[in-house]
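S.K.: The hints should help you fit chain B onto chain A, whose structure is shown.
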Amino acid sequence: MSHLTDLPSWAAIPVCMLLLLGAAMTLIGSIGLIRLPSFYDRLHAPTIATSGGTVLICLASMLCFAVLQSRWIFHELLIIFFITVTTPVTLMLLGQAALYRNRLEKPRDVPQTPGRPSKEDSQ
Amino acid sequence: MRAWFPYPLLSTALVLMWLLLNQSVALGTLLVGLVLSMVLAWVAVKLRPTRSHLNRLRRIASFGLRVSIDILRSNIAVAGIILGTRGQPVRSGFVSVDFDVEDENALALLACILTATPGTAWLEYDRRKKKLLFHILDLENEIAWRRTLDRYEAALKEIFQ
Chain A
1 MSHLTDLPSW AAIPVCMLLL LGAAMTLIGS IGLIRLPSFY DRLHAPTIAT
51 SGGTVLICLA SMLCFAVLQS RWIFHELLII FFITVTTPVT LMLLGQAALY
101 RNRLEKPRDV PQTPGRPSKE DSQ
Chain B
1 MRAWFPYPLL STALVLMWLL LNQSVALGTL LVGLVLSMVL AWVAVKLRPT
51 RSHLNRLRRI ASFGLRVSID ILRSNIAVAG IILGTRGQPV RSGFVSVDFD
101 VEDENALALL ACILTATPGT AWLEYDRRKK KLLFHILDLE NEIAWRRTLD
151 RYEAALKEIF Q
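The listed protein sequences correspond, in order, to chains A and B.
Numbering of the first sequence is given in our numbering, commencing with residue 1 and proceeding in unit increments.
Numbering of the second sequence is given in our numbering, commencing with residue 1 and proceeding in unit increments.
Okay, chain A solo, but in the shape it has when bound (with noise of 0.2 Å):
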């Protein structure tokens, strides 16, 4: 392993881009959930940092330690993957509670289902 000033200028200059660009799109979902007005658009700020901020980090990562080891690395895909396929998990679970909870207490701001949810639909 060697260090990263070893890393030529054609190579850093795009994992700098990439890096930075990461980095902006994760603060900007950060700042989202502070400026965003009601919970459920709340709910959209995080997966900029989730989509666009993780996929251009691990860009950044893949690219800087396959110029220095000089092969391919592939580790990345792994962690965008399944950073994709988790975070529906807490999501949908917020938006389902707060679903919920707005159709007990205010019915008039959500649409409501029509009939009562059945066993397989929580599934």
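For the record, the hints were derived by calculation from the structure and aren't laboratory data.
No residue lacks a Cβ here, since even glycine has one placed at the ideal position from N, Cα and C.
Take the hints with a grain of salt, since some may be wrong.
If you want the ones that stay clear, here's a sample from chain B, every Cβ over 10 Å from chain A, calculated [said to hold, decoys possible]:
| hint | residue |
| --- | --- |
| 1 | Leu-10 |
| 2 | Gln-88 |
| 3 | Glu-153 |
| 4 | Lys-157 |
Taking lysine-lysine and the DSS-like style, the derived pairs with C-alpha atoms no more than 30 Å apart in a straight line are [what the hints assert, rightly or not]:
| hint | chain 1 | residue 1 | chain 2 | residue 2 |
| --- | --- | --- | --- | --- |
| 5 | A | Lys-106 | B | Lys-46 |
| 6 | B | Lys-130 | A | Lys-106 |
| 7 | B | Lys-131 | B | Lys-157 |
| 8 | B | Lys-157 | B | Lys-46 |
| 9 | B | Lys-157 | B | Lys-129 |
| 10 | B | Lys-130 | B | Lys-157 |
| 11 | A | Lys-106 | B | Lys-131 |
M.R.: Coordinates of chain B only, in the frame set by chain A:
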């Protein structure tokens, strides 16, 4: 073959993951990966996951490409909304569409896609009425999202039959 690998797709994915983790395609790694994927697939049989059949590999590739482009565009749009480049507050709201896909794995895939797209958030799917409820950040694009969902429905139906 079925007895050894009850879930061929799962086993393939596991072998691929093992090779990715080890960063090598040496014979030893490959063998360990094969054994692992076999054992884990047998474990998965006990969990009884729903089986689905994928077909039309070329369709999958074009679908993946289209989804990636949609996600990219949505990323940029939502980043713009959060930074307030439009000057006025954004109108968000719920959208309900008819979505007639039976396959559980197809629905799971759609949930991943909708969640990974920053402009949309999956909320609920009613299986009896076949209605999908989701939330979008920018109601001005409502018609565009409805059209996108229709395209996804057609593609998923074709891929998962």
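S.K.: Enumerate the violated hints, using their earlier numbering and listing them in ascending order.
M.R.: 5
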